[in-house]
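K.L.:
Here are the chains, one letter per residue:
2 protein chains.
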Amino acid sequence: MREQELSELNPIILKIGGSVITDKSGELAVRMQDINRLAEEIRDANVKNLVIVHGGGSFGHPIAQKYGISSGFKQENQRIGFAETHHVMTVLNGLFMDALIWREVPAVSITPSSCIMTKHGRIQCFEETPLRALLKMGFLPVTFGDAVLDLELGFTILSGDQLVSHIATRLNAKHIIIGVDVDGLYDADPKVKKTAKRFKHLTLEELKKLKGSFGKTTACDVTGGMFGKIAELIPAIEKGIPVKIVNASKPNYIYKTLKGERVEGTLIEKE
Amino acid sequence: MREQELSELNPIILKIGGSVITDKSGELAVRMQDINRLAEEIRDANVKNLVIVHGGGSFGHPIAQKYGISSGFKQENQRIGFAETHHVMTVLNGLFMDALIWREVPAVSITPSSCIMTKHGRIQCFEETPLRALLKMGFLPVTFGDAVLDLELGFTILSGDQLVSHIATRLNAKHIIIGVDVDGLYDADPKVKKTAKRFKHLTLEELKKLKGSFGKTTACDVTGGMFGKIAELIPAIEKGIPVKIVNASKPNYIYKTLKGERVEGTLIEKE
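Sequences listed follow chains A and B, in order.
The numbering of the first sequence is the numbering used here, which starts it at 17 and goes up by one.
The numbering of the second sequence is the numbering used here, which starts it at 17 and goes up by one.
Isolated chain A (complex conformation):
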């Protein structure tokens, strides 16, 4: 495929956060009603050139954390932990795929660990040909945060957010939609602090300034982890790809956003 053909795809990248489709307070606790509702919204919006990336929530995270997968291979017993983490992610992905295909959406999963290797946690090689070919053929590719092999660490965790940024940049995405379980990016964790203020619009410059004050350590992220995920998208925003953060737990917000209708949320643009 020639570069020109590829850039013509301009897909929309839709991220569905793990907290939307799973109950993070449990373990392997799926929110099947939300998966089914989202599958309907995605079917009804009927967007051409869409790529979906979903997170791990209560599937991937607890097991990855238990075995310390993200910091790499250090001891024998992590091997089964890596296998388990990958396996439960394919199970969660399977539930999403089932909901989509059952509704006649021609969705095809892309398994990160089968085609991506990282180096110190960053995507080093990604065999994208099948992803691009799926889009060109009119399929809906669905991928997800996964346990992957790492050239330096042995293995690690590849977040859905890094995947979103990478795919958006490589495929010259039209825009990125980040579906979360709150109404956007706030100056504090809206689940904890009732007076937290939502940013309605941010420029890249404003985002970078916030990074200086919010993003010093992940542990102290006052936004409840949201800011760290959004900071991952900076390379895509720098390329001119706008990011819309919307509440995917609220019915029809994803549908409306896919259709180009405005819903409350946070819009981040280069300028």
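Calculated directly from the structure, the hints in this document are not laboratory data.
Each hint should be verified, as a subset may be incorrect.
Identical copies look the same in the list; a pair holds intra-copy or inter-copy alike.
Said to hold, decoys possible - For lysine-lysine, the following PhoX-like pairs were computed, each having C-alpha atoms within a straight-line distance of at most 25 angstroms: (1) Lys90 - Lys64; (2) Lys152 - Lys135; (3) Lys216 - Lys255; (4) Lys210 - Lys40; (5) Lys152 - Lys90; (6) Lys82 - Lys152; (7) Lys40 - Lys260; (8) Lys275 - Lys207; (9) Lys225 - Lys207; (10) Lys275 - Lys40; (11) Lys64 - Lys225; (12) Lys190 - Lys272; (13) Lys209 - Lys224; (14) Lys260 - Lys207; (15) Lys135 - Lys260; (16) Lys90 - Lys216; (17) Lys266 - Lys213; (18) Lys260 - Lys225.
Starting from the structure of chain A, add chain B where the hints point.
P.N.:
Same frame as chain A, now just chain B:
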């Protein structure tokens, strides 16, 4: 990774036929008892450098056939058929992975459609780095026949047998074990013809002669389809990789074969 390092892997490639782990007379009919038994045999044999490839049986085949996936993209309604075929194969694979991981086998699935594209049905590009890295890290990679994208046909079916031959050849396998639901390769279908005679040993030359008489058309394959699958392995046999065909439906046959013990079956060698 350098070529020398790679050739040192010399993995055993174990194919588990779809008729062993599913009931081909049904649809989506899994033989869970056999999957669990095989997972135990594989765990107990504890072979280093093993790659498993499994077939589709009553998962992949009926849907692929219904939509004519193997002959490529011809009409719109095949798109959902391709998505379904791939999805049910990941479901069958998930059941196998579950049985292995539950028994503490560090098995990691490799999804063909995420890393392989074919051309006129033959593997054209296969991003093997993750598979090789998994082996080097001490994991058990498990892959399977799948619906894949094809550079000429749009999409097609990649058989587990082609995968076995390709992986064995590329990774310089020690030997190939083909687990089926009969005792080996016969001169007729042993399920139909009681007097069918089993080949105990075949050389490449003898196999090729048989191909002349058996393999003229798939529809007329007197061996009940077995010969066509074995003929797919000729490139690997030509490279000097022996093939053992054994009955994986009989308890301990796979265990014993993995351990290097002799069981009744068919052995095919270059000379």
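K.L.:
None of the hints should be skipped; say for each whether it holds.
P.N.:
Taking the hints in turn, this is what the structure says about them:
| no. | hint | verdict |
| --- | --- | --- |
| 1 | Lys90 - Lys64 | between (44 angstroms within a copy, 20 angstroms between copies) |
| 2 | Lys152 - Lys135 | between (29 angstroms within a copy, 16 angstroms between copies) |
| 3 | Lys216 - Lys255 | within (21 angstroms within a copy, 64 angstroms between copies) |
| 4 | Lys210 - Lys40 | within (21 angstroms within a copy, 58 angstroms between copies) |
| 5 | Lys152 - Lys90 | between (41 angstroms within a copy, 15 angstroms between copies) |
| 6 | Lys82 - Lys152 | between (40 angstroms within a copy, 24 angstroms between copies) |
| 7 | Lys40 - Lys260 | within (23 angstroms within a copy, 48 angstroms between copies) |
| 8 | Lys275 - Lys207 | neither (28 angstroms within a copy, 57 angstroms between copies) |
| 9 | Lys225 - Lys207 | within (23 angstroms within a copy, 73 angstroms between copies) |
| 10 | Lys275 - Lys40 | neither (29 angstroms within a copy, 44 angstroms between copies) |
| 11 | Lys64 - Lys225 | neither (35 angstroms within a copy, 52 angstroms between copies) |
| 12 | Lys190 - Lys272 | within (16 angstroms within a copy, 56 angstroms between copies) |
| 13 | Lys209 - Lys224 | within (23 angstroms within a copy, 75 angstroms between copies) |
| 14 | Lys260 - Lys207 | within (20 angstroms within a copy, 60 angstroms between copies) |
| 15 | Lys135 - Lys260 | neither (29 angstroms within a copy, 39 angstroms between copies) |
| 16 | Lys90 - Lys216 | neither (43 angstroms within a copy, 47 angstroms between copies) |
| 17 | Lys266 - Lys213 | within (19 angstroms within a copy, 66 angstroms between copies) |
| 18 | Lys260 - Lys225 | within (19 angstroms within a copy, 64 angstroms between copies) |
This entry does not satisfy hints 8, 10, 11, 15 and 16, going by the numbered hints stated previously.
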